[in-house]
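If you want the building blocks of each chain, they are given just below.
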Amino acid sequence: EDQVTQSPEALRLQEGESSSLNCSYTVSGLRGLFWYRQDPGKGPEFLFTLYSAGEEKEKERLKATLTKKESFLHITAPKPEDSATYLCAVWGTGKLIFGQGTTLQVKP
Amino acid sequence: ETGVTQTPRHLVMGMTNKKSLKCEQHLGHNAMYWYKQSAKKPLELMFVYNFKEQTENNSVPSRFSPECPNSSHLFLHLHTLQPEDSALYLCASSQATDTQYFGPGTRLTVL
Numbered sequence: 001e002d003q004v005t006q007s008p009e010a011l012r013l014q015e016g017e018s019s020s021l022n023c024s025y026t027v028s029g030l031r032g033l034f035w036y037r038q039d040p041g042k043g044p045e046f047l048f049t050l051y052s053a054g055e056e057k058e059k060e061r062l063k064a065t066l067t068k069k070e071s072f073l074h075i076t077a078p079k080p081e082d083s084a085t086y087l088c089a090v091w092g093t094g095k096l097i098f099g100q101g102t103t104l105q106v107k108p
Numbered sequence: 001e002t003g004v005t006q007t008p009r010h011l012v013m014g015m016t017n018k019k020s021l022k023c024e025q026h027l028g029h030n031a032m033y034w035y036k037q038s039a040k041k042p043l044e045l046m047f048v049y050n051f052k053e054q055t056e057n058n059s060v061p062s063r064f065s066p067e068c069p070n071s072s073h074l075f076l077h078l079h080t081l082q083p084e085d086s087a088l089y090l091c092a093s094s095q096a097t098d099t100q101y102f103g104p105g106t107r108l109t110v111l
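Top line first, the protein sequences correspond to chains W and L.
Note that this note's numbering gives residue 53 to position 53 of the first sequence, counting from 1, and the numbers run on in steps of one.
Note that this note's numbering gives residue 25 to position 25 of the second sequence, counting from 1, and the numbers run on in steps of one.
Same shape as in the complex, but just chain W (with noise of 0.2 angstroms):
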């Protein structure tokens, strides 16, 4: 069954502490792994798609990477500003299918 796992489900962090956030995932031949930032009340803005293992993309204080189990959003010197819900989906049979999503909070 295609699934999509993220870790931590919430994560505070100090402005200037970097982290990571995960997403595990199981599908059937991998067609592309999108990651969106959710503000409350409002629609998911994309952020990045990857499409093969090793890839990696970056904006701003972003980083995406992409193994054959699981993508990384590596979030290097947070500020406030990027504190927001970070949600992963992947191409699963013939739709999209969404983790729960990581809240993360900036403190200044």
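Hints listed in this document are in silico derivations from the structure and should not be mistaken for laboratory results.
Below are the DSS-like pairs computed for lysine-lysine, each with C-alpha atoms no more than 30 angstroms apart in a straight line:
{"#": "1", "chain 1": "L", "residue 1": "LYS40", "chain 2": "W", "residue 2": "LYS68"}
{"#": "2", "chain 1": "W", "residue 1": "LYS42", "chain 2": "L", "residue 2": "LYS36"}
{"#": "3", "chain 1": "W", "residue 1": "LYS68", "chain 2": "L", "residue 2": "LYS41"}
{"#": "4", "chain 1": "W", "residue 1": "LYS59", "chain 2": "W", "residue 2": "LYS107"}
{"#": "5", "chain 1": "W", "residue 1": "LYS57", "chain 2": "W", "residue 2": "LYS68"}
{"#": "6", "chain 1": "L", "residue 1": "LYS19", "chain 2": "W", "residue 2": "LYS95"}
{"#": "7", "chain 1": "W", "residue 1": "LYS59", "chain 2": "L", "residue 2": "LYS41"}
{"#": "8", "chain 1": "W", "residue 1": "LYS95", "chain 2": "L", "residue 2": "LYS22"}
{"#": "9", "chain 1": "W", "residue 1": "LYS59", "chain 2": "L", "residue 2": "LYS36"}
{"#": "10", "chain 1": "L", "residue 1": "LYS41", "chain 2": "W", "residue 2": "LYS63"}
{"#": "11", "chain 1": "W", "residue 1": "LYS57", "chain 2": "L", "residue 2": "LYS40"}
{"#": "12", "chain 1": "L", "residue 1": "LYS22", "chain 2": "L", "residue 2": "LYS40"}
{"#": "13", "chain 1": "W", "residue 1": "LYS95", "chain 2": "L", "residue 2": "LYS18"}
{"#": "14", "chain 1": "L", "residue 1": "LYS41", "chain 2": "W", "residue 2": "LYS57"}
{"#": "15", "chain 1": "W", "residue 1": "LYS63", "chain 2": "L", "residue 2": "LYS36"}
{"#": "16", "chain 1": "W", "residue 1": "LYS42", "chain 2": "L", "residue 2": "LYS18"}
{"#": "17", "chain 1": "W", "residue 1": "LYS95", "chain 2": "L", "residue 2": "LYS41"}
{"#": "18", "chain 1": "W", "residue 1": "LYS69", "chain 2": "L", "residue 2": "LYS36"}
{"#": "19", "chain 1": "W", "residue 1": "LYS42", "chain 2": "L", "residue 2": "LYS22"}
{"#": "20", "chain 1": "L", "residue 1": "LYS36", "chain 2": "W", "residue 2": "LYS95"}
{"#": "21", "chain 1": "W", "residue 1": "LYS79", "chain 2": "L", "residue 2": "LYS40"}
{"#": "22", "chain 1": "W", "residue 1": "LYS57", "chain 2": "L", "residue 2": "LYS36"}
{"#": "23", "chain 1": "W", "residue 1": "LYS107", "chain 2": "L", "residue 2": "LYS40"}
{"#": "24", "chain 1": "L", "residue 1": "LYS19", "chain 2": "W", "residue 2": "LYS42"}
{"#": "25", "chain 1": "W", "residue 1": "LYS69", "chain 2": "L", "residue 2": "LYS41"}
{"#": "26", "chain 1": "W", "residue 1": "LYS95", "chain 2": "L", "residue 2": "LYS52"}
{"#": "27", "chain 1": "W", "residue 1": "LYS95", "chain 2": "W", "residue 2": "LYS59"}
{"#": "28", "chain 1": "W", "residue 1": "LYS42", "chain 2": "L", "residue 2": "LYS40"}
{"#": "29", "chain 1": "W", "residue 1": "LYS95", "chain 2": "L", "residue 2": "LYS40"}
{"#": "30", "chain 1": "W", "residue 1": "LYS107", "chain 2": "W", "residue 2": "LYS42"}
{"#": "31", "chain 1": "W", "residue 1": "LYS69", "chain 2": "L", "residue 2": "LYS40"}
{"#": "32", "chain 1": "L", "residue 1": "LYS41", "chain 2": "W", "residue 2": "LYS79"}
{"#": "33", "chain 1": "W", "residue 1": "LYS63", "chain 2": "L", "residue 2": "LYS40"}
{"#": "34", "chain 1": "W", "residue 1": "LYS69", "chain 2": "W", "residue 2": "LYS95"}
{"#": "35", "chain 1": "L", "residue 1": "LYS41", "chain 2": "W", "residue 2": "LYS107"}
{"#": "36", "chain 1": "W", "residue 1": "LYS42", "chain 2": "L", "residue 2": "LYS52"}
{"#": "37", "chain 1": "L", "residue 1": "LYS40", "chain 2": "W", "residue 2": "LYS59"}
{"#": "38", "chain 1": "L", "residue 1": "LYS41", "chain 2": "W", "residue 2": "LYS42"}
Once you've looked at the hints, dock chain L against the given chain W.
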């Protein structure tokens, strides 16, 4: 306007009302989606349209009725909803199975 837009942004309705949610995409995509997002749950896919044809109905109750008149517009017609249907309803679009882009959502409250 650019991207994916949704109206209204907030909606409060009684259980006997009939209302519609509207979504419009300005990205030239050929697929559109409705998702439901409830507190503490992953996004749930409700409906998928490819080239205006419905290709997925994820066991959604008949009180939700989608309509896709063209590849840029998507509606979700609501009638006799239940309080447990209160949620954030999100529209998304994509080019085939490529990246999905989401609208801002409609926050629905059923009294």
